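Student: Next come the chains, spelled out residue by residue.
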Amino acid sequence: MLDALQGLGRATLTFFERLGRGHLLLAQILMKLPGLLLRPGLVIAQLYSVGVLTLVITLVSGMFVGMVLGLQGYNTLVDFGAEESLGVVVALSLVRELGPVVAALLFAGRAGSALTAEIGLMKATEQLSGMEMMAVDPVERVLAPRFLAAFLSMPLLAALFSAVGIYGGYLVGVGLLGVDDGAFWGQMQSAVDLNDDIYNGVIKSIVFGFVAGWIALFEGYDAIPTAEGVSRATTRTVVHTALAVLGLDFVLTALMFGD
Amino acid sequence: MVSRTVEIWVGVFVALGIAALFMLAMQASNLSTLSRADGYIITAGFENVGGLKERSPVTVSGVRVGRVEKIDYDYDTFEAVVSLRIDSDHQGFPEDTAASIYTSGLLGEQYVALEPGGSLTNLVEGDRVQLTQSALVMEQVIGQFLYSAAAENTATESFTAAGPGEE
Numbered sequence: 001m002l003d004a005l006q007g008l009g010r011a012t013l014t015f016f017e018r019l020g021r022g023h024l025l026l027a028q029i030l031m032k033l034p035g036l037l038l039r040p041g042l043v044i045a046q047l048y049s050v051g052v053l054t055l056v057i058t059l060v061s062g063m064f065v066g067m068v069l070g071l072q073g074y075n076t077l078v079d080f081g082a083e084e085s086l087g088v089v090v091a092l093s094l095v096r097e098l099g100p101v102v103a104a105l106l107f108a109g110r111a112g113s114a115l116t117a118e119i120g121l122m123k124a125t126e127q128l129s130g131m132e133m134m135a136v137d138p139v140e141r142v143l144a145p146r147f148l149a150a151f152l153s154m155p156l157l158a159a160l161f162s163a164v165g166i167y168g169g170y171l172v173g174v175g176l177l178g179v180d181d182g183a184f185w186g187q188m189q190s191a192v193d194l195n196d197d198i199y200n201g202v203i204k205s206i207v208f209g210f211v212a213g214w215i216a217l218f219e220g221y222d223a224i225p226t227a228e229g230v231s232r233a234t235t236r237t238v239v240h241t242a243l244a245v246l247g248l249d250f251v252l253t254a255l256m257f258g259d
Numbered sequence: 001m002v003s004r005t006v007e008i009w010v011g012v013f014v015a016l017g018i019a020a021l022f023m024l025a026m027q028a029s030n031l032s033t034l035s036r037a038d039g040y041i042i043t044a045g046f047e048n049v050g051g052l053k054e055r056s057p058v059t060v061s062g063v064r065v066g067r068v069e070k071i072d073y074d075y076d077t078f079e080a081v082v083s084l085r086i087d088s089d090h091q092g093f094p095e096d097t098a099a100s101i102y103t104s105g106l107l108g109e110q111y112v113a114l115e116p117g118g119s120l121t122n123l124v125e126g127d128r129v130q131l132t133q134s135a136l137v138m139e140q141v142i143g144q145f146l147y148s149a150a151a152e153n154t155a156t157e158s159f160t161a162a163g164p165g166e167e
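Those protein sequences? They're chains P and V, same order as listed. Anchor point for the first sequence: position 183 equals 183 in my numbering, and the numbering is continuous, going up by one each time. Anchor point for the second sequence: position 55 equals 55 in my numbering, and the numbering is continuous, going up by one each time.
Everything labelled a hint here was simulated from the structure, so no lab data went into it. For clarity, every value in this text was computed on a predicted model and none was experimentally measured. A hint or two may mislead.
As the list claims (entries may be wrong) - Calculated pairs, DMTMM-like style, for lysine to aspartate or glutamate (alpha carbon to alpha carbon, straight line, at most 25 Å):
id, chain 1, residue 1, chain 2, residue 2
1, V, 70, V, 87
2, V, 70, P, 193
3, V, 53, V, 139
4, V, 70, V, 115
5, P, 32, P, 126
6, P, 32, P, 140
7, V, 70, V, 152
8, V, 70, V, 96
9, V, 53, V, 7
10, V, 70, P, 196
11, V, 53, P, 193
12, V, 53, P, 84
13, P, 32, P, 181
14, V, 53, P, 126
15, P, 32, P, 17
16, V, 53, V, 38
17, V, 70, V, 7
18, V, 53, P, 196
19, P, 32, V, 109
20, P, 32, P, 137
21, V, 53, V, 69
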């Protein structure tokens, strides 16, 4: 009985300790961000490994998601004789939801896990301690550029995902199924609003980039410095990012489109 | 340090991302057709606005000239007051323009259609459209149809009942 209580208490304390360490690390990273202006090379190198290398998977997935939306949307809409609204269906679902969310999930799988593994391994091989010995702040030198790169590339990746997806829907809808070209774009343009839909989608992807970068870096930095610890941290990054992104997506959607 | 190839790829990535955002803004949204801030507002009172919503289109002869800005209820006239923001490049609707709420297609969204009248004075900011026609509510239409069908039936019945008596 007491053991069970102790276990519960320990689990709770560990949870809050981790939460606290996570926020402290975030605060540290945010404070180091201005220093990066002096060394943009660090950020560019990270933009390459975080953003550019995630590009292919994002573009290919976006294309296929858009094509599937086109097919499924057409099959449903054609029953109501409203297949001209296909552009609206494809564009709104991509720009509002699927673009930011799926791009963030792919980002967590491709870039977040890599960040965690990299930093966890740096910790396990005591490279981070070595930096500290040389009076180089690992937060400033290693974590902050990676965080900024994740934060910057996520909105771009989400926008690319949506744009390619809309084009995929266009290819299937107009090219394959014979929806009218003008109606596809025209209805889309009259229904999609720059402020309500596109800006809100961009805001979502910025929030997701922030969260995905934060979780990946914290899990790596907080990993138990063993092979097993790093592997667990990498798994946790993907799982926690997916949960956080989907949960936040609901909250953000309720705030943005609730009324 | 950072190699040239890496820098070029990052440049490509950022340029692509910005191009995608730009494409979304220009191609997929109504930015090109929507001039939000400018334009002038006229109001119209309707008995029933049906499913009209804010941002529903305002059209003249099928051409979109503005959007519904907001929908209020007026407790003096017991009417819904719809504010229409007309784009500034569509000036000069006559004062006796009529406004009706129509549905595009059978299940489509509702929009406000303006029909210009013949007056020489034009509508300006803050004016109120006098001639309005409310949205059709399906139940009312069906109700009226059933009522008139029933009335017609009784009329023919009484006619046939009276008919043979005359002969």
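Student: So, for every hint listed, does it hold in this structure?
Tutor: Each hint tested on the structure:
{"no.": "1", "hint": "70/V x 87/V", "verdict": "holds (15 Å)"}
{"no.": "2", "hint": "70/V x 193/P", "verdict": "holds (16 Å)"}
{"no.": "3", "hint": "53/V x 139/V", "verdict": "holds (20 Å)"}
{"no.": "4", "hint": "70/V x 115/V", "verdict": "holds (20 Å)"}
{"no.": "5", "hint": "32/P x 126/P", "verdict": "holds (22 Å)"}
{"no.": "6", "hint": "32/P x 140/P", "verdict": "holds (6 Å)"}
{"no.": "7", "hint": "70/V x 152/V", "verdict": "violated (42 Å)"}
{"no.": "8", "hint": "70/V x 96/V", "verdict": "holds (22 Å)"}
{"no.": "9", "hint": "53/V x 7/V", "verdict": "violated (49 Å)"}
{"no.": "10", "hint": "70/V x 196/P", "verdict": "holds (16 Å)"}
{"no.": "11", "hint": "53/V x 193/P", "verdict": "holds (14 Å)"}
{"no.": "12", "hint": "53/V x 84/P", "verdict": "holds (21 Å)"}
{"no.": "13", "hint": "32/P x 181/P", "verdict": "violated (50 Å)"}
{"no.": "14", "hint": "53/V x 126/P", "verdict": "violated (61 Å)"}
{"no.": "15", "hint": "32/P x 17/P", "verdict": "holds (23 Å)"}
{"no.": "16", "hint": "53/V x 38/V", "verdict": "holds (20 Å)"}
{"no.": "17", "hint": "70/V x 7/V", "verdict": "violated (49 Å)"}
{"no.": "18", "hint": "53/V x 196/P", "verdict": "holds (15 Å)"}
{"no.": "19", "hint": "32/P x 109/V", "verdict": "violated (51 Å)"}
{"no.": "20", "hint": "32/P x 137/P", "verdict": "holds (10 Å)"}
{"no.": "21", "hint": "53/V x 69/V", "verdict": "holds (9 Å)"}
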